[in-house]
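Protein chains: 2
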Amino acid sequence: MKILSPYLLFLGDTKDPLSVKTSRGIAQWRPERTVGQISMPGCEVTLNLPELDFETAVQMGAKTFILGLANAGGVISEDWLPYLRQALENGMDIASGLHNKVADIPEIKQLADRLGRHIFDVRHPTQTLSVGNGKKRSGKRILAVGTDCSVGKMYTTLALEQEMKARGLNADFRATGQTGILIDGRGISVDAVVADFISGAVEALAPDNSEDHWDIIEGQGSLFHPSYAGVSLGLLHGAQADVLILCHEVGRKHIRGLPHQPLPHMQACINANLGGARLTNKQAMLGGIALNSSALNEQEARDYCQKMSDTYQVPCVDPLRHGTKTIVDFILSQRG
Amino acid sequence: MKILSPYLLFLGDTKDPLSVKTSRGIAQWRPERTVGQISMPGCEVTLNLPELDFETAVQMGAKTFILGLANAGGVISEDWLPYLRQALENGMDIASGLHNKVADIPEIKQLADRLGRHIFDVRHPTQTLSVGNGKKRSGKRILAVGTDCSVGKMYTTLALEQEMKARGLNADFRATGQTGILIDGRGISVDAVVADFISGAVEALAPDNSEDHWDIIEGQGSLFHPSYAGVSLGLLHGAQADVLILCHEVGRKHIRGLPHQPLPHMQACINANLGGARLTNKQAMLGGIALNSSALNEQEARDYCQKMSDTYQVPCVDPLRHGTKTIVDFILSQRG
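So the sequences go chain by chain: B and Y. Heads up: the first sequence begins at 1 in the numbering used here, then just goes up one per residue. Heads up: the second sequence begins at 1 in the numbering used here, then just goes up one per residue.
No lab work stands behind these hints: they were computed from the structure. Bear in mind that the values here come from a model prediction, so they are computed numbers and not experimental data. Be a bit skeptical, because a hint or two may be false.
Below are the DSS-like pairs computed for lysine-lysine, each with C-alpha atoms no more than 25 Å apart in a straight line [to be verified]:
#1 K101(Y) <-> K136(B)
#2 K101(B) <-> K101(Y)
#3 K282(Y) <-> K253(B)
Generate coordinates for the entire structure from the input sequences, incorporating the hints supplied.
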């Protein structure tokens, strides 16, 4: 499955800048995959891309209409339906990261079928998967793991891919969640597969490759999140990672969504992830720590990273502030 | 969801005694839930239950026709369809533990719908689940964990339930796989739920209960099985167990189905499971070791259990040979 680009990014009548973070991610990380944005009257958000109508977008080559926005409950608004219809009628596929499936709207599904267009509901995997087997695969792999959900694992892996590609390395981001899939046009929502197939899904996502190739696999959740740790462990086993990058948000008070659940200690989190990783790759090592340090000022962030680096003996950066150069240097020095 | 009993157990034209292990489990653990068996011509297997025709079974009160047998690939044989039709026409529901769904056979589904009968495909959960939250629940819980798949977790939990009920304790087996569900008439196949909902499924399966109540939760897989460990970790977090029982088969050479994958050391397996369990229950303890010692003779088995008990300082038994009395004594002395 590959979602064809370039994209036309749909912003709806959004008022909340946070609700278009998927489309913003596409514009940031894959600007070459988009021709512009399209908004409804009343929209108060922009990605600073050209505002296009359907005809112009198609003339510019648009292949897929992207619902990279959140709505209350992941619901598809009735008001969006004329836009979905026009996208199909203008020859585009539709790809959506919403909980509710576009393909479950009968009139849209029937129109897509009649016109021979595809609908990608990327939260709902359709691949036929096998159970994982843990057999050694060729090529090298990096996996982002976390102290919690939403601590910057996707950002970190995309930043690592950018840094490695800029050095001419043979590297590919591997998306495991809906935002990453829409950004890259491919991937598997591992938290949405049947539980028996978690590790198998990741084995399929990052298969045998050339010995100089790096898969940079987006992590999900945390081994210490009581809602989602099963996904995180299956992902860890399936990734067969040579290198783990531990992601953490400075100042987070408790596990996301669960005020009664404390965050793990960094060392416990490192130990648990390395222990799990070594079931399928005995050489697994910690390659760096990536922080979301937005709670700190510049100097505090540098001091904090230095302290973490001294404690855990790996590079520590905020990828947004400092880039990932020191982490890539360290990975290459150890496993390059 | 509760599968109504008593059952009529269908043996098909089976030649292989192992292929009816689900029905044998029902006959062994819930004899009060079955009126008898029904075989096709050529069947070479028996459960030593009364061989009934449909009319007699119905007169004896049979409510559900059970497909508790395995076929190559989990497929439903064409030859079985007349039996399925007769079961429905005689007023029974159908419950199946096969991979392929009975409800996917149009003529059977239509007949069931027309007659108002239920079809339970227990490998395919239909409950609406919530994600887990790890909040403390009332009541007490025991969970079987394992060094591998198929090491006796279901047998151990059913034997513990039997022993505890015989003492007048308030205890319930909680099934997490298809065989256990058919035996007990209720439960959730946790390896078949969407990955995000593993721990939530187990929270729903073993909810708040009275303080003197014991949930005895069937485990699945192993934290050290590269195919299924995600399921095992989600189950461990969702169970919020006070007491873990470690199950192991003496003499197993490698992880089931994966000759390249070694078994974990017992101590590593205990540590990993206690570490995981304590995320949602800080008081989690090891309450015993349950071995499948069929590779040993009687004296060897006793010696082996004694050695394990001395090493890990908990009772160690083969539940089939020795019962679970010493484990229940120990659990009650520690957490009763």
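Report task. Take the C-alpha atoms of K101(B) and K101(Y), compute the straight-line distance between them, and say whether it is at most 25 Å. Result -> Distance of about 24 Å is within 25 Å: holds.
**Report entry** Pair hint K282(Y) and K253(B), alpha-carbon separation not exceeding 25 Å
**Finding:** 19 Å, holds
Query raised in the report: Between K101(Y) and K136(B), is the straight-line Cα distance small enough, at 25 Å or below?
Result: Not OK: K101(Y) and K136(B) at ~34 Å, beyond 25 Å, violated.
Checked against the numbered hints listed earlier, the structure breaks hint 1 alone; every other hint is satisfied.
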